[in-house]
Every structure is written in structure tokens, then in C-alpha cells.
Amino acid sequence: MTSDIALEAHGIGKRYRRGRPWALRDVDLAIPAGSITALVGPNGAGKSTLIKGYVGFERPTEGRLTVAGVDPWKDRGGAVRRIGYVPQAASLYRELTVSDHLAMAARWRDGFDTRAAELRLDQLDIPLDARADELSGGQQAQVGLAIALGTRAPVLLLDEPLASLDPLARREFLHVMVDAVREAGTTALLSSHVITDIEQACDRLLVLGGGRTLLDVSMEEARTIHRVEDGDGPIDAGRLVGRFPGQGGTLLALVRDASGPGRPATLEEVVLGHLASGRRTRDGDPRMDGEAAA
Amino acid sequence: MTAMTAMRRHTAFDLRLAWRLHRFEILGFGVLVAFLGAAAIGVAGLLDATGYGRLCMGDAGAQPTACEAIGRQFYGYQQSLVPMVQGLLAFAPFLLAALVGAPLVARELERGTSRLAWSLAPSRVRWFVVRVVPAVAFVFFLALLAGLALDRLTAAIEPGTDAARSFSGFGSRGAVLAARAVFVLAIGVCLGALLGRMLPALLLAAVVGWIGLAGGSYVHSRWLATEAVISPTETGSPGDLFIDQRIKDPDGRIMTWDEIYAQLPPTDDGAEWPPAGYTFVSYVVPAERLPFVQAREVAALAGASLLFLGVGAVAVRRRRPG
Numbered sequence: 001m002t003s004d005i006a007l008e009a010h011g012i013g014k015r016y017r018r019g020r021p022w023a024l025r026d027v028d029l030a031i032p033a034g035s036i037t038a039l040v041g042p043n044g045a046g047k048s049t050l051i052k053g054y055v056g057f058e059r060p061t062e063g064r065l066t067v068a069g070v071d072p073w074k075d076r077g078g079a080v081r082r083i084g085y086v087p088q089a090a091s092l093y094r095e096l097t098v099s100d101h102l103a104m105a106a107r108w109r110d111g112f113d114t115r116a117a118e119l120r121l122d123q124l125d126i127p128l129d130a131r132a133d134e135l136s137g138g139q140q141a142q143v144g145l146a147i148a149l150g151t152r153a154p155v156l157l158l159d160e161p162l163a164s165l166d167p168l169a170r171r172e173f174l175h176v177m178v179d180a181v182r183e184a185g186t187t188a189l190l191s192s193h194v195i196t197d198i199e200q201a202c203d204r205l206l207v208l209g210g211g212r213t214l215l216d217v218s219m220e221e222a223r224t225i226h227r228v229e230d231g232d233g234p235i236d237a238g239r240l241v242g243r244f245p246g247q248g249g250t251l252l253a254l255v256r257d258a259s260g261p262g263r264p265a266t267l268e269e270v271v272l273g274h275l276a277s278g279r280r281t282r283d284g285d286p287r288m289d290g291e292a293a294a
Numbered sequence: 295m296t297a298m299t300a301m302r303r304h305t306a307f308d309l310r311l312a313w314r315l316h317r318f319e320i321l322g323f324g325v326l327v328a329f330l331g332a333a334a335i336g337v338a339g340l341l342d343a344t345g346y347g348r349l350c351m352g353d354a355g356a357q358p359t360a361c362e363a364i365g366r367q368f369y370g371y372q373q374s375l376v377p378m379v380q381g382l383l384a385f386a387p388f389l390l391a392a393l394v395g396a397p398l399v400a401r402e403l404e405r406g407t408s409r410l411a412w413s414l415a416p417s418r419v420r421w422f423v424v425r426v427v428p429a430v431a432f433v434f435f436l437a438l439l440a441g442l443a444l445d446r447l448t449a450a451i452e453p454g455t456d457a458a459r460s461f462s463g464f465g466s467r468g469a470v471l472a473a474r475a476v477f478v479l480a481i482g483v484c485l486g487a488l489l490g491r492m493l494p495a496l497l498l499a500a501v502v503g504w505i506g507l508a509g510g511s512y513v514h515s516r517w518l519a520t521e522a523v524i525s526p527t528e529t530g531s532p533g534d535l536f537i538d539q540r541i542k543d544p545d546g547r548i549m550t551w552d553e554i555y556a557q558l559p560p561t562d563d564g565a566e567w568p569p570a571g572y573t574f575v576s577y578v579v580p581a582e583r584l585p586f587v588q589a590r591e592v593a594a595l596a597g598a599s600l601l602f603l604g605v606g607a608v609a610v611r612r613r614r615p616g
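Protein chains in written order, with my numbering: chain D, 1 to 294; chain E, 295 to 616.
Everything labelled a hint here was simulated from the structure, so no lab data went into it.
Take the hints with a grain of salt, since some may be wrong.
[What the hints assert, rightly or not] Think about it this way: if two alpha-carbon atoms lie no more than 25 angstroms apart in a straight line, the pair counts; the simulated SDA-like pairs of lysine to any residue are:
no., chain 1, residue 1, chain 2, residue 2
1, D, 74, E, 614
2, D, 74, E, 564
3, D, 74, E, 612
4, E, 542, E, 565
5, D, 74, E, 604
6, D, 74, E, 605
7, E, 542, E, 564
8, D, 74, E, 417
9, D, 74, E, 611
[Said to hold, decoys possible] Where chain D lies over chain E, by a calculated footprint (3+ residues, C-beta under 8 angstroms):
no., stretch
10, 311-320
11, 401-412
12, 415-425
[What the hints assert, rightly or not] Computed list of chain E residues with no C-beta within reach of chain D, every gap over 10 angstroms:
no., residue
13, 326
14, 370
15, 377
16, 389
17, 430
18, 439
19, 459
20, 566
21, 577
22, 608
Don't be surprised by glycine CBs; every beta carbon is placed ideally from N, CA and C.
The shape of chain D in the complex, shown without the other chains:
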């Protein structure tokens, strides 16, 4: 590993049972240190599986993962020490108060910054003496984030923490996360379905579909190298990424082209186009494009 790569994956494959489809297949990644990477893909794309692999919750069937150079399956403790993890559901103990959770984090993590976590929660008006089951979903997610940030780990893994939050809570969560991560120079990998929210927060985009990497570029590059054209007309196969239904049911085509006909693609269109391409590649049937995006 080079020191500027925080998370790596080499030919990662994961199959939960023999004979079942692969949840991840041949995934190669190198996420630069200090970046905030959005991990995007539909349900079953393998986002959670990949993140759980880094935390040591899932063992890859093939290939190798590293967190800051440490393989979680060879040195789980070493990998866990380098990770702050925010799971899909907040996973708090309903019987414990927010303070208890911070104390628990301090119990297990040397150097846990309880004061910073308390300050962060205080700024969000989350009472430290409230039990977890008295908090809203957004507040629980914020507690989970405060714990993960309090570990001062160099890598932050966020497994769809926005999924159950309302738009305002999502915005607040991302605001806190981005500020803290930028300030500390932490590397963050954030998986999410909600493309509009992550657009502002992240500087890299990683699209997974059908267990494979479909796109791994900077946000800037994602926007500049793609355009959208009318999907009904003929398009050169070398330029075409994928066809997907646009607003109002018109068929759109995402093409890999920095300039030319059509208009610049939005991030959502980039993701939809690549997901459609993933479906097309897997099924070998171009007519499936629209369904994949839907």
C-alpha cells in the first residue's frame, strides 16, 4: 500500500453461499487518503458487503482488502482501531443514555475524544442524559456519527446512515460529517442511495452494480466526462454508457464525452447511466437498460 491510499481492494469477491450469486465480484479499489467517497448503487449492489468487509464483519470469498494497509482478516483489531464505523441502523443500546454510549466508546477505544463528541452533540441539542430510545432517528444517527468521529480513526465508514432520515436530518448529518472529516483530514467512505445529498458532500464517486465496480472517479471528473443525449436515436457504441428513462418517461442516453451534442449530465444521470450499463453488461440485452435505471 502507498501511504496516500486509505482503503484498498484487490479482486474482492464475496459469495454468501456456494451456488448463490456473487454479492461482490472482481472489485478493485484504491481510495485516496483524505477523500470523501460516495459509494452508490442499487439494493444488492454490494455496498454494505464491501463496507462490512473493511470492518471485519464479512470475510471476502476471494481477494484482499486493506484499511490503511491492514488486512482486517489478518489483524482485525488493527483494522478496527483505524476505523470509525456508522452502521445502517444506528445500533444504539436502547437502555443506555447518550453519555453511556460515549463512555462505552471510551472504554473500548484508547484516545476516544469524549469531550469533542459531547460538544458535537451539544451543538445539535441532543441531550446527553437521554436514553437512546428517546431520540429521533436523526438524533440516533448523529450519536452514531459522534461516536465514530470521537474515535479519531483515520478512516470513517458510513453504511447508508442517511437511509431512514428525513431531508433536513440528512442535510444536518452530512454537514457535521463533512466539517469534521475535512477538519481532521479523515478518509470517509459513505454509501447512500440519495444522490442529490452526497453530491455536495463527497469528492469521489464509486458506483457499484451487480457486485462490480461500474465507475470510480472524482466528482469533478464524473460531471465533466459525461453528457446526456436523446436515448431513442442511434449512438456510437464506443461513446454510449447506458440508456435510462428520464423525467416524463423519455429515454435518455449517458455518453462518455466531454463535449459534443446533448447537455452536461447531472450526477444522478451519471449514476443511472452507469447502473444501466452494468445491467446491460450482465444481461447482454440492451433493451434492459431502461428497467435497470427504473
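Chain E: place on chain D using the hints.
Showing chain E alone in chain D's frame:
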């Protein structure tokens, strides 16, 4: 901060966490065992107060007519109060063990709190130990209290016999009861870690625990039979563990019932059987062996408990966090 200070702080936190997570079980069973223990001691006091052992046993010399009334009261208590208190107090530790053990890890897996805990704890085995040790200590402590209260009750039930040197109620009182409760707890913890679901783990722990204890008792009783010695009395001395009855022939040979039947079949003529010169003797484990037998069973149960907890730790180390 020195290592000792850190350890003290961690221990204090671990105990506080155990309290916060298991308040209901701790309070509920604490009160239940305290109440039943007090009831057992109260019943023992009632039995003692009849004066049956003091006045009517051995060479006490009380009037037979007085002893009849005293005995009626003494055995009346034994039939009414003792079975209820004894049964509940002997059962409570196992209920406690299963209810604390099975959910200990399974609840974390079922509710998903293990995801947070295991992403924070660099060592899952250490996390497991921290969760299990207070539970073991709590169950052992309460079960021991129940066992000691049952010791006291046994002493009152059998006046004239030293309960500390009596096999009466073996396994259902004293330290063996506490060790058996910890064994059931360990099974519950192990199954909870393997299955990851509370209710199936609880039900299975009850079944496996029962089979384990019944099987263990059977094996131990067969083992004890090999250590039995001949007692010159028909059923052994008070406090002995009776294994079997034998007959001693005039030459001093010890015979089983089958052997004596084959040699001297009983007749229908009303003649004395077995004939003069033959005496009943018994195979018993002498009461003095009790401390050793108890220590051996406690050690075996502790070993089996450690084995189950070890399997639970391996399961926690390897499994997905729910």
C-alpha cells in the same frame, strides 16, 4: 493514568453497563431469591421450633405421646411448606441462568447493537469476556445464596444430621447448585452466540441444560457407585449416599439379591428369610466424602462451563454481527 487506574475505571464501567443492560433481571431475581431464601430460613426456623429433633430423636427421652403431636407438626410442615419453598428456591437459579445467559449475546445480535460494539472493540473476545464475567458472577452469587438457604433448610429437615456432611439433597443445594446454575448460563450464552436469536437460544438452553445436568448426574452417580463402600447397616448411616443393598452370608461374603435368591430361594412356608446368619448390609458413599465429591462435581461443572463459554467466544469471534 496507570494501568491499575485504567483497569479499575474499566471494571467500574463494565459493572455499570451490566447493571444498566440487565437491571430487570438483577432486580427481579435478586428480590425473588432474597424472598425465597428468607422463606427457606423461616421454614427452617419453624421446623427447629417444633423441637422434634431435640426432644424426640435418639436418646432425647421425651414422652412418646408428646412426640406424636410434635412429630405431626414437624412432618406437617415438611409436607406443606418445605416442598414449595425448596422446589421454587432450587428452580430459581436455573431460570435466572437461562434468562440471563441466552440473551446475553443473542440480544446484541438480534437488536444489532453488536455492530456498534464490535466496531469499537478491537478484540471481540475481550468484549465477550467483559459481558460474560459479571453475568457469571451475578448468577453464581445468587445461586450460592439460594444454595446456602437450602443447606439451612436441609439441616432443619434432618435434625441430628450435619448438613455439611450429608448427601441429602446433593446437587440441589450449596455450591453444587451454584455451579449447576453457571453451567446452564454457559450453555445459554454459547447457544445465544451460535444462534443469534434470543427465544430459540432460550428454549434450546433449557433443553440442553436439562439434558446436560441429568446426563451429568447419571454419569456422576455411576462413578460414585464405584467408590461405594460396605456399611454394616441396612441403609447406611445418616448422611451417607445410599447406592445399593447387599446381603452378607455367614462366611462374610457380600452377595447381591440375585445371588442370594439363586442360592436360597424364598419359600412359602413362612420361614425366616434370609435365614439366620445372613445380614443386610449396604453399599454407600460415606458422608465424610461429601466435601470431596462436591468439589469434584463443582470442578467438572466449571470445566464444562468454560468449554461452553469458549465455544461462545469462538462464535463471537467468527460470526457476523447480526
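Results for each hint:
no.: 1; hint: 74(D) with 614(E); in the structure: holds (16 angstroms)
no.: 2; hint: 74(D) with 564(E); in the structure: violated (84 angstroms)
no.: 3; hint: 74(D) with 612(E); in the structure: holds (13 angstroms)
no.: 4; hint: 542(E) with 565(E); in the structure: holds (19 angstroms)
no.: 5; hint: 74(D) with 604(E); in the structure: holds (21 angstroms)
no.: 6; hint: 74(D) with 605(E); in the structure: holds (21 angstroms)
no.: 7; hint: 542(E) with 564(E); in the structure: holds (21 angstroms)
no.: 8; hint: 74(D) with 417(E); in the structure: holds (13 angstroms)
no.: 9; hint: 74(D) with 611(E); in the structure: holds (13 angstroms)
no.: 10; hint: 311-320; in the structure: holds (count 4)
no.: 11; hint: 401-412; in the structure: holds (count 8)
no.: 12; hint: 415-425; in the structure: holds (count 5)
no.: 13; hint: 326; in the structure: holds (21 angstroms)
no.: 14; hint: 370; in the structure: holds (47 angstroms)
no.: 15; hint: 377; in the structure: holds (38 angstroms)
no.: 16; hint: 389; in the structure: holds (21 angstroms)
no.: 17; hint: 430; in the structure: holds (19 angstroms)
no.: 18; hint: 439; in the structure: holds (26 angstroms)
no.: 19; hint: 459; in the structure: holds (46 angstroms)
no.: 20; hint: 566; in the structure: holds (73 angstroms)
no.: 21; hint: 577; in the structure: holds (55 angstroms)
no.: 22; hint: 608; in the structure: holds (14 angstroms)
Violated hint for the displayed structure: number 2, the only one.
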